[in-house]
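Protein chains: 2
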Amino acid sequence: MINRRTILALLLTAVTATAASPQTQPSDPLPSWNDGPAKTAIVDFVTRVTANGSPQFVPPVERIATFDNDGTLWTEQPVYFQLAFAVDRIKTLAPSHPEWRKKPAFKALLAGDIHRLAGASQKELLELLAAAHSGISTEEFARAVRDWTARARHPRFNRPYTELVYQPMLELLDYLRASGFKTFVVSGGGIEFMRPWMDKVYGIPPEQVVGSSGDVKFQMGPNGKPELMKLPAVEFVDDGPGKPVGINRFIGRRPIFAFGNSDGDLQMLQWTTAGEGARFAGIVHHTDAEREYAYDRQSRIGKLDKALDEATAKHWTVVDMKRDWKTIFPPAK
Amino acid sequence: MINRRTILALLLTAVTATAASPQTQPSDPLPSWNDGPAKTAIVDFVTRVTANGSPQFVPPVERIATFDNDGTLWTEQPVYFQLAFAVDRIKTLAPSHPEWRKKPAFKALLAGDIHRLAGASQKELLELLAAAHSGISTEEFARAVRDWTARARHPRFNRPYTELVYQPMLELLDYLRASGFKTFVVSGGGIEFMRPWMDKVYGIPPEQVVGSSGDVKFQMGPNGKPELMKLPAVEFVDDGPGKPVGINRFIGRRPIFAFGNSDGDLQMLQWTTAGEGARFAGIVHHTDAEREYAYDRQSRIGKLDKALDEATAKHWTVVDMKRDWKTIFPPAK
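Sequence order for the protein chains is A and B. At position 274 of the first sequence (counting the first as 1) the number is 274 in the working numbering, and the numbers step up by one without a gap. At position 290 of the second sequence (counting the first as 1) the number is 290 in the working numbering, and the numbers step up by one without a gap.
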């Protein structure tokens with residue numbers, strides 16, 4: 001029935017196919033992620049929405065992915081990094097602003113009480129930041145941010161803050177973009193604090209950064225050139241229920257993929273997963289006190305309580321930093 | 001010195017080169033524009049910022065172009081098209097809103113006095129629109145807009161409003177994108193009125209549409225699904241000095257190219273041209289009562305007075321619709 005030549009041909013085919021298969025397999029797009037349920041859920045989702053002929057295929061223009069920043073893409077301990085930035089500027093400006101000494105958040109900051117400052121409400125923090133940065137043009141402010149990110153160092157890791165970004169999440173951003181996604185940051189942080197460095201660090205351009213903001217006024221400067229002045233009033237708080245509002249305002253369509261790490265991201269994850277078709281919700285759970293930090297339900301910064309319960313109930317993807325990530329930060333430059 | 005064979009070779013080369021040149025010349029990217037100073041200024045600018053080795057070369061990521069909508073990309077007479085949309089909805093909702101009858105703009109609308117309505121301030125118009133569209137979710141509103149654009153017809157041209165877009169400007173948008181620009185709309189119109197159709201009509205996706213907006217609230221709907229409800233309060237007016245503010249808020253960098261048609265675009269044009277390097281400011285001047293409309297300094301809609309003076313003083317490009325455009329609208333579908 002089957003002769004030697006046929007057997008040989010089949011064998012050769014099998015050998016060739018086996019030899020070829022390692023070359024044709026794509027390289028791992030998420031090398032810093034350990035194999036496990038989180039990595040599997042991400043790769044499965046991306047495959048389902050991008051594979052031709054998949055029943056859950058999503059056209060590229062609708063592949064919107066949104067990421068929280070503090071605690072999701074970079075570290076947020078011992079305090080939000082934007083506060084470290086604010087400390088330098090406020091101390092410099094304080095002598096000419098005696099009225100600041102009556103406000104608790106300002107007092108804590110000027111006294112160097114960083115941990116007490118961490119207990120301030122999101123609104124107080126944003127007021128502090130807005131007041132600290134008013135009376136300066138948007139372009140001067142962007143310069144001040146760039147100067148600071150080049151110069152300042154994190155107290156524990158002694159590295160620039162913009163190097164304390166999560167290597168596994170950088171790979172995820174790249175992987176999504178290579179899969180036709182448009183990636184956005186949707187953060188409670190100040191929009192003008194984030195835009196000057198995010199393109200370089202995350203590959204996310206200014207127009208894809210959504211954040212909290214203060215009022216800005218157009219005026220003619222002393223040299224007859226128009227300028228945009230930053231005013232003290234808080235205009236928009238992009239946190240909690242503000243995140244779906246910010247997504248609607250800035251992006252104008254619902255994400256199909258969202259990642260956060262705290263209760264401030266809950267409504268963004270609810271909004272994302274309530275849409276039709278395939279949806280992905282992810283949460284970074286800080287479980288690694290040795291390599292980064294460990295905190296959740298009791299933390300004053302990045303509190304993760306209700307969102308953790310809802311993630312469990314709804315089978316969202318919870319990343320266990322200690323278990324799921326091979327490395328935390330990229331190598332020092 | 002030079003023999004017959006050399007002469008023949010040179011001649012053949014010359015003949016071949018001459019014959020080839022019409023094929024290698026790019027086709028006209030702006031076929032609906034008559035040759036003249038406006039078309040020349042546009043092509044010269046794009047060439048200067050995109051040609052390799054040009055002293056005014058701009059990297060693609062910084063090629064931001066912003067366009068006003070009403071009167072710049074589509075017609076705005078006899079009234080802003082968004083008002084025509086509002087009329088249908090307000091008449092339907094009026095019986096359950098007796099308080100509207102005390103407000104001049106609402107009264108004019110309900111009485112069918114479109115021309116008196118045209119005299120309302122931008123703020124009154126936006127309040128009217130916001131109130132008319134509150135108590136509805138963002139997704140229901142988008143559906144209402146799509147239904148209307150499919151159904152409604154312009155009173156003079158008897159065509160869908162979304163066909164009353166300027167063919168020369170559609171070509172300009174395509175030309176800029178083919179030259180590496182990212183194109184944005186920056187309009188005083190309502191952002192949620194524009195986004196549902198602009199991707200299809202202009203090739204501009206929702207996240208590149210900047211406009212005026214009302215407050216939006218995140219809430220859990222009766223079915224337990226989250227929804228974004230449109231509230232009556234006006235949140236942001238993206239007109240006049242609001243345009244550079246809106247550009248800063250949504251785009252986060254300064255355009256190098258901007259086009260408008262009225263005094264409401266003046267600050268956007270000032271902001272754009274005050275940046276470093278090559279800058280382009282363009283104004284559509286409505287001079288063609290036969291094919292479209294003719295109006296400028298005295299018009300209640302799209303008033304062009306101060307911006308026309310400044311365009312002359314600063315040598316901005318003023319498009320004379322009658323002289324510069326071969327056709328106004330695309331062919332009927």
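Among these hints, one or two may not hold up.
Identical chains share a label here; the pair holds if one copy fits it or two copies do between them.
Derived BS3-like pairs (lysine-lysine); straight-line CA-CA distance at most 27 Å [claimed, not checked]:
(1) Lys333 <-> Lys303
(2) Lys182 <-> Lys200
(3) Lys303 <-> Lys225
(4) Lys107 <-> Lys182
(5) Lys123 <-> Lys217
(6) Lys200 <-> Lys333
(7) Lys182 <-> Lys225
(8) Lys103 <-> Lys303
(9) Lys314 <-> Lys333
(10) Lys123 <-> Lys107
(11) Lys306 <-> Lys102
(12) Lys217 <-> Lys314
(13) Lys326 <-> Lys225
(14) Lys91 <-> Lys322
(15) Lys107 <-> Lys91
(16) Lys326 <-> Lys91
(17) Lys107 <-> Lys303
(18) Lys322 <-> Lys107
(19) Lys225 <-> Lys306
Since the hints were made in silico from the structure, they are not lab data. What you are looking at is a predicted structure, and each value in this text was computed from that prediction instead of being measured.
Handout entry: Up to 27 Å CA-CA - Lys333 versus Lys314, copy category
Key = Cα proximity of Lys314 and Lys333: none, with 40 Å in one copy and 47 Å across.
Exercise for the section: Evaluate Lys182 and Lys225 at a C-alpha cut-off of 27 Å and name the case that applies: within, between, both or neither. Expected result: For Lys182 and Lys225, the Cα distance is within 27 Å only across copies (25 Å; inside one copy 35 Å).
Exercise for the section: If the cutoff is 27 Å on CA atoms, where do Lys103 and Lys303 land: within, between, both or neither? Let me know, please. Expected result: Close inside one copy (24 Å), not across copies (47 Å); limit 27 Å.
Exercise for the section: First find the shortest C-alpha distance between Lys303 and Lys225 inside one copy, then the shortest across copies, and answer within, between, both or neither for a cut-off of 27 Å. Expected result: between (45 Å within a copy, 24 Å between copies)
Practice task
Up to 27 Å between alpha-carbons, please classify Lys326 paired with Lys225: within, between, both or neither.
Solution key: Result: close neither inside a copy nor across copies, 51 Å intra and 37 Å inter.
Handout entry: Intra- versus inter-subunit Cα pairing at 27 Å for Lys182 with Lys200
Key = both (16 Å within a copy, 19 Å between copies)
Practice task
Could you place Lys107 and Lys91 in one of the four classes (within, between, both, neither) given a Cα distance threshold of 27 Å?
Solution key: Classified as within: same-chain Cα gap 11 Å, cross-chain 55 Å, threshold 27 Å.
Problem - Intra- versus inter-subunit Cα pairing at 27 Å for Lys123 with Lys107 - result: within (16 Å within a copy, 40 Å between copies)
Exercise for the section: Classify it for me, Lys333 with Lys303: is the Cα-Cα distance of at most 27 Å met within a copy, between copies, both or neither? Expected result: Neither way: Lys333 and Lys303 sit 31 Å apart in one copy and 55 Å across, limit 27 Å.
Exercise for the section: Could you place Lys107 and Lys303 in one of the four classes (within, between, both, neither) given a Cα distance threshold of 27 Å? Expected result: within (24 Å within a copy, 51 Å between copies)
Practice task
Check Lys91 against Lys322 for me: Cα-Cα at most 27 Å, and say if that holds within a copy, between copies, both or neither.
Solution key: neither (37 Å within a copy, 60 Å between copies)
Exercise for the section: Measure nothing new, just compare the shortest in-copy and cross-copy C-alpha distances for Lys217 and Lys314 to 27 Å and report within, between, both or neither. Expected result: between (44 Å within a copy, 24 Å between copies)
When held up to the earlier numbered hints, the structure conflicts with 1, 4, 9, 11, 13, 14, 16 and 18 and fits the remainder.
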